[in-house]
Amino acid sequence: MTATATAPAPTVVGQDRLDLWLIATPGPDTVRDRLDTSELDAAERKRTASFIRPSDAATYATAHIALRRLLGAYLGRPPQDVTFVREPCPGCQGTHGRPAVAHPDPPLHFSLSHSHGMVLVGVAGRTVGVDVERLPRPQTVAVCTPALHAQEREELDALPPPDRQAAFGQLWTRKEAFLKGLGTGLGRSPAADYLGADPARRPAGWTLLDIPGGPRHHAAAALLGDPPVTTTVRRLPARALLPGAAAPDVRADAGPAL
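Per the working numbering, the very first residue in the sequence shown carries number 1; after that it's consecutive.
Just so you know, these hints were derived from the structure itself, not from any lab.
Just so you know, these numbers come straight off a predicted model, no measurement behind them.
Where is the CB? At the ideal position from N, CA and C, for every residue including glycine.
Misleading hints may appear alongside valid ones.
Cut-off 20 Å, straight-line C-alpha distance, at most; resulting in silico cross-link-like pairs (SDA-like, lysine to any residue) [stated by the list, open to error]:
#1 K46 <-> R32
#2 K46 <-> F84
#3 K46 <-> R86
#4 K46 <-> T30
#5 K46 <-> T83
#6 K46 <-> D81
Computed Cβ-Cβ distance ranges for the label pairs, DEER-style [what the hints assert, rightly or not]:
#7 E87 <-> A192: 16 to 22 Å
#8 R251 <-> G205: 25 to 31 Å
#9 A192 <-> F84: 25 to 31 Å
#10 G76 <-> R153: 45 to 51 Å
#11 G94 <-> R239: 35 to 41 Å
#12 T230 <-> R153: 32 to 38 Å
#13 P90 <-> V143: 25 to 31 Å
#14 T145 <-> R251: 38 to 44 Å
#15 G94 <-> D41: 20 to 26 Å
#16 P107 <-> S38: 25 to 31 Å
#17 G14 <-> T140: 37 to 43 Å
#18 V143 <-> F84: 29 to 35 Å
#19 P106 <-> P162: 43 to 49 Å
The task is simple: from the sequences and hints, build the whole structure.
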């Protein structure tokens, strides 16, 4: 039997708190040989095995093990006992809306994103969306820019090409984080909402935050309502995902923040 992380006492995440966790994906060999996929449910293990590229499987497995360990720490449950459901779709009320924890006690909201070796988890006391993306290629910027809000396109067109690439990357992560917060994802047109460089023109009722994602990634978070009193960005090391590792310390005052 493989040892798994034990569950601590629950941690209450209030309305005034946003916790953001960055996790760098270990190499595929480490994921295959050392990470404990027994904490994943059957659907997650099947999804991990379905990837053709080992690096994609490693990122997916890392993301979902990290999510379970973090949520288990907040909820005071073993990681494998965290059960997920889907909220109703805001458009059609179908069962394919935003992912959520089943019957969270204490209440909490989360969002998960992963891209090319980096994972971002957001945990809050109210609705949250997060996104992390690899720095975009020039071809990606050229293809995707026409799909943006008209004012976003104007802002990007006014920049020199090197600055345009970076600005697009940060803009796109804001947009995806916001759409995940809404629960629609890209089922809602990217042109419908302004998420550009001017905070005053962004959607009312939401707080948008740019997150330091490291040298190869952009990251952002969208939180429903006013800015939180406390926003903490921390890194969860790969060793925290190994069998027998202690549960992550998710207290607000624990560990160094970025």
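Here is what the structure says about each hint:
1. K46 <-> R32: holds (14 Å)
2. K46 <-> F84: holds (16 Å)
3. K46 <-> R86: holds (19 Å)
4. K46 <-> T30: holds (19 Å)
5. K46 <-> T83: holds (17 Å)
6. K46 <-> D81: Within the cut-off at roughly 18 Å; holds.
7. E87 <-> A192: 16 to 22 Å: Holds, since E87 and A192 (Cβ atoms, about 20 Å apart) stay within the stated range.
8. R251 <-> G205: 25 to 31 Å: holds (29 Å)
9. A192 <-> F84: 25 to 31 Å: Between A192 and F84, where Cβ atoms are some 28 Å apart, the hint holds.
10. G76 <-> R153: 45 to 51 Å: holds (47 Å)
11. G94 <-> R239: 35 to 41 Å: For R239 against G94, whose Cβ atoms are near 40 Å apart, the range 35 to 41 Å holds.
12. T230 <-> R153: 32 to 38 Å: holds (35 Å)
13. P90 <-> V143: 25 to 31 Å: The hinted range 25 to 31 Å holds for P90 and V143, with Cβ atoms some 28 Å apart.
14. T145 <-> R251: 38 to 44 Å: holds (42 Å)
15. G94 <-> D41: 20 to 26 Å: Once the Cβ atoms are compared, 21 Å apart, the range 20 to 26 Å for D41 and G94 holds.
16. P107 <-> S38: 25 to 31 Å: Holds, since P107 and S38 (Cβ atoms, about 28 Å apart) stay within the stated range.
17. G14 <-> T140: 37 to 43 Å: holds (38 Å)
18. V143 <-> F84: 29 to 35 Å: 33 Å Cβ-Cβ, so the 29 to 35 Å window holds.
19. P106 <-> P162: 43 to 49 Å: Check passed, 46 Å falls within 43 to 49 Å.
Hint check: no violations occur; every hint is consistent with the structure.
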